[in-house]
Amino acid sequence: MTTSHPSSSTDTPRFGQHGVAVKVDNTGILILGKPGVGKSSLALELLAQGHQLVADDHIEFSILGPQLIAHCPTQTSGLLHSRELGMIDVRKLYPENAWLAQMVVEMIIKLHHGPNTPVNYEGTWQLTEIMQMQIPSVSLSVSSPTSLSARVLAAVKLLPLRQSELHLTNSRATTI
1 MTTSHPSSST DTPRFGQHGV AVKVDNTGIL ILGKPGVGKS SLALELLAQG HQLVADDHIE
61 FSILGPQLIA HCPTQTSGLL HSRELGMIDV RKLYPENAWL AQMVVEMIIK LHHGPNTPVN
121 YEGTWQLTEI MQMQIPSVSL SVSSPTSLSA RVLAAVKLLP LRQSELHLTN SRATTI
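Here the sequence shown is numbered in the UniProt record's numbering, starting from 1 and rising by one per residue.
Bear in mind the hints are in silico, worked out from the structure with no lab data behind them.
Idealized CB from N, CA, C, for every residue including glycine.
Please note that the accuracy of each hint is not assured.
To be verified - Straight-line C-alpha distance at most 27 Å; calculated DSSO-like pairs for lysine-lysine:
1. Lys157 / Lys110
2. Lys34 / Lys110
3. Lys34 / Lys157
To be verified - Label pairs and their calculated CB-CB ranges:
4. Leu64 / Ser144: 31 to 39 Å
5. Pro66 / Gly86: 34 to 42 Å
6. Pro66 / Glu45: 28 to 36 Å
7. Ser82 / Asp25: 21 to 29 Å
8. Ser77 / Asp25: 19 to 27 Å
9. Lys92 / Asp57: 17 to 25 Å
10. Leu85 / Gly123: 31 to 39 Å
11. Glu96 / Thr174: 30 to 38 Å
12. Leu93 / Thr146: 25 to 33 Å
13. Arg83 / Lys157: 27 to 35 Å
14. Leu158 / Val104: 14 to 22 Å
Using the sequences provided together with the hints, build the complete structure.
Put into structure tokens, the structure is as follows:
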């Protein structure tokens, strides 16, 4: 579910999206997928590896110059929900820098159930549009036997190469 409302601190419009926002190796990642696909579980795994949480379940976005900024809503600041463990206060269980209030979104990971994607030597990279900003995205199957966090880390390392390829080919963006 998405919502639009003016920001309380500025006149910048904001947009809300269901998902998880994390910062992995200084790269801002938005994790999207249907409820129950494993977005929060992936965030918990990434936190355990020393990466940072920005928002779980609901993310607010704004535009700052040429950048899409993901913000954590005040009511869920520092919280991550696990179906098995309940509500986790990241600020109490992890190092001080494990939670951030906001980040620049540089990549989108789209999680899905089902079989792995057919062999495609280019991968499943595309551009996804949020608030008229085009962000590189990749689809990952939660059914793959390869660790999901390992694939996210590989995607972060591949991002600079794929980003230039996507913009050079003028790929059409899907809109959220």
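A quick look at each hint next to the structure:
A C-alpha spacing of about 17 Å is found between lysine 157 and lysine 110, which places the hinted pair at or below 27 Å, so the restraint holds. For the proposed pair lysine 34 and lysine 110, the alpha carbon gap of about 9 Å is at most 27 Å, so the pair holds. Between lysine 34 and lysine 157 the CA atoms are separated by roughly 25 Å; this keeps the pair inside 27 Å, and the hint holds. Against the hinted window of 31 to 39 Å, the Cβ-Cβ separation of leucine 64 and serine 144 comes to about 35 Å, which satisfies the hint.
At about 39 Å, the beta-carbon gap between proline 66 and glycine 86 stays in the expected band of 34 to 42 Å. A hinted range of 28 to 36 Å for the beta carbons of proline 66 and glutamate 45 is consistent with their spacing of about 31 Å. About 23 Å separates the C-beta atoms of serine 82 and aspartate 25, a value consistent with the hinted range of 21 to 29 Å. Restraint check, serine 77 to aspartate 25: a C-beta distance of roughly 23 Å satisfies the suggested window 19 to 27 Å.
For lysine 92 paired with aspartate 57, a C-beta distance near 18 Å keeps the hint of 17 to 25 Å intact. One distance hint, 31 to 39 Å for the beta-carbon pair leucine 85 and glycine 123, holds here, with the actual separation near 32 Å. With their beta carbons about 37 Å apart, glutamate 96 and threonine 174 fall inside the hinted range of 30 to 38 Å. As the Cβ distance of leucine 93 to threonine 146 is approximately 27 Å, the hint placing it in 25 to 33 Å holds.
For arginine 83 paired with lysine 157, a C-beta distance near 30 Å keeps the hint of 27 to 35 Å intact. Look at leucine 158 against valine 104: about 18 Å separates their beta carbons, and that is inside 14 to 22 Å.
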